[in-house]
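Asks: Here's the letter readout for the chains.
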Amino acid sequence: MHVRFRETSLKDPLFMTGIGLAVIFMVISLLGPFLAPFDPWDMSFVPISPPSETHYLGVNDGGQDIFSELLYAVRNTMLFGFISAFAALGIGVILGASAGWFGGFVDMIVMRIADVLLAVPAIMILIFAAAFFRPTPWTLALILAGFMWPTISKGIRAQTLSLRQSLHVRAAVQMGGGGFYIIRRHLIPEMFPLYLIGLAAKAKMAMFMEASLGFLGLLDPTRKSLGLMINYALNFYYMDVWWNWLMPPILCLSFMIVSVTFLAISLERILDPRLRAALSGRTP
Amino acid sequence: MALVAAFCLAALAMVYLSYALPRLLPGDFVTAMYGSSQVTLSEAQEAELRAYYTGDRGGFGSYIIRLACLDWGYSYVFLSPVSQLFFEALPWTLLLVGLAHLISLVVGFFAGVEVAWRRSTVLERGMVSGMTVLEGVPEISTGILLLLIFSLNLGWFPSAGAETAYADLSMVDRIAGVMHHLVLPLVTLVLAYLPGNFLLTRNSMVMVIKAQYMITARAKGLSPCRVRYAHGARNALLPLVTRFGLRLAFMITGALVVERIYAYPGLGTLLFNAIQARDLPVIQGVVLISSLMVLAVILSLEFVYRIIDPRIDHARAF
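As they're listed, the protein sequences go chains H and E.
Everything in the first sequence is counted per my numbering, starting at 1 for the first residue and increasing by one.
Everything in the second sequence is counted per my numbering, starting at 1 for the first residue and increasing by one.
Just so you know, these hints were derived from the structure itself, not from any lab.
Heads up, some of the hints might be wrong.
Stated by the list, open to error - A few chain H residues that don't get close to chain E, going by computed Cβ distances all over 10 Å:
#  : residue
1  : E7
2  : G32
3  : F34
4  : F45
5  : F102
6  : F105
7  : M124
8  : I125
9  : A131
10 : T151
11 : A171
12 : G178
13 : H186
14 : Y195
15 : M205
16 : R223
To be verified - Among the chain E residues that face chain H by a calculated CB cut under 7 Å, a handful are:
#  : residue
17 : A10
18 : M127
19 : M131
20 : L134
21 : E135
22 : S141
23 : A249
24 : N273
25 : I275
26 : V294
27 : L295
28 : I308
Said to hold, decoys possible - Restraint-style ranges between C-beta atoms, simulated for each label pair:
#  : chain 1 : residue 1 : chain 2 : residue 2 : range
29 : H       : F192      : E       : R125      : 27 to 35 Å
30 : H       : F133      : E       : A5        : 25 to 33 Å
31 : E       : I215      : H       : I188      : 38 to 46 Å
32 : H       : T139      : E       : A5        : 28 to 36 Å
33 : H       : M108      : E       : M293      : 21 to 29 Å
34 : H       : S162      : E       : G161      : 52 to 60 Å
35 : H       : F192      : E       : S129      : 50 to 58 Å
36 : H       : V27       : E       : L222      : 50 to 58 Å
By construction, the Cβ of each residue, glycine as well, lies at the ideal position given by its N, Cα and C atoms.
This is chain H alone, in the form it adopts within the complex (with noise of 0.2 Å):
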């Protein structure tokens, strides 16, 4: 699988695009903390009051600085789209390339689950343990991995059936390499294109979940949260609030979101070669 990512990453506007979102808001959510002038659980000052020079998003309805929370919600929702994404990723790699590898039984079982899973709806059982257990973000956050891996090993479980049949693979073999040697040794680095694809892919969905689950009211109301400052913000619309308390959130998520989506379509086409003829929007 050799592409030249650089020259043809460069070249690509969705890609530029997707990345340079990707950078502000890693900025934003590393350096969150540092970068919030007040505690964001601080409740001390007048609340629903304007924006003004040193609160810039104004205050809530329970006097907490919306420019500092905005900026942890940021952080909670970034960092929860990325365990969830690593989670699936790692748990997808491994079980696709056993499958594809050793096939026959473990092959089928594998699959068989991955089907199963993938018609299950996810936020479901995600309401149902908030609801019954109110787990921490981060036990979620792996039950929706648990959810999310079955398409990444489906795509790893295809890659590793053409490997079998190449060269080094088959020299490997022949050298007397056990199963879980050449799993680790060559066909997981072999790869490593496809995990950005989906890394991307399933940190979208992790933090859309996670957004409209704090939407939901299910998250923990202490936490900071997109999802829940919008539930919040919404209902005080009647207030002439909304651009200032509702609209940050919002534009937050949609930037994050759409900053993903097109990292995934944009690493498709770029690290796919028999998808670019087809993706690319100009005749090759």
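Let chain H serve as the given structure and place chain E on it in line with the hints.
Replies: Same frame as chain H, now just chain E:
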């Protein structure tokens, strides 16, 4: 039919989870309801509540029988049977989500085919970029923006509900009212579902156009429309249906959010209200039954693939 067996197992596993998980909780519904609230119960009150709400309800076998008999428990908050609440909300959700899927599938498919046919034109570039951006915008954002603009500022559409409350209307007026309430949530969902369908159809159609049988069909002198749809688009339809099954389970999330934004009286709003009030029997019932319904839809799609593409019987694609 290994797949049917796997789906039945999955359904059974979900039923068992919904039976076992609440019983794993320390205590029961009564402690869950009152444990974290300010109310302090005396021993007698607690015993009485427990007898009233839970009673002695038997094991897993009787749980399944009660499930089949539509006896899904009793809501603490709405004070009516869960099944009644569920079946009051279900038609609205089916109307909203079903119509949104139908419109976005049909429009996405035809637009995708037509645009792929007009390769490298301004129209194609514009449509593809527009849809790619739209693909990234989540339902929460489009929903709230449409609500702010068209309902709260311009006042063209109602902001909540599914029909005009307490109005004594003729049949025609009633249907018009339902449609009027439906517009905004429907547009939000279509905007969320359409880009995926459009981009998928366009991408597979672009590959199909290059196939040799398309050249043959044109060389035979068939009309462009017949070449495009009878020979080309049929092959581009399959990925659309396959992906629909894969995406459906995740698209449920958006429908929940949209119903909550527009306070549309479907299952999503019922679930939202139940979550706000910690009404555990309703959450349990709605989650279980709607997941089983999604499982059934996806299983039946498996049979639709076989009709569209007979090759699948021999080798499972993907």
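Asks: Which earlier hints can't be squared with this structure?
Replies: Those not satisfied are hints 7, 8, 9, 10, 15, 18, 19, 20, 24, 28 and 35.
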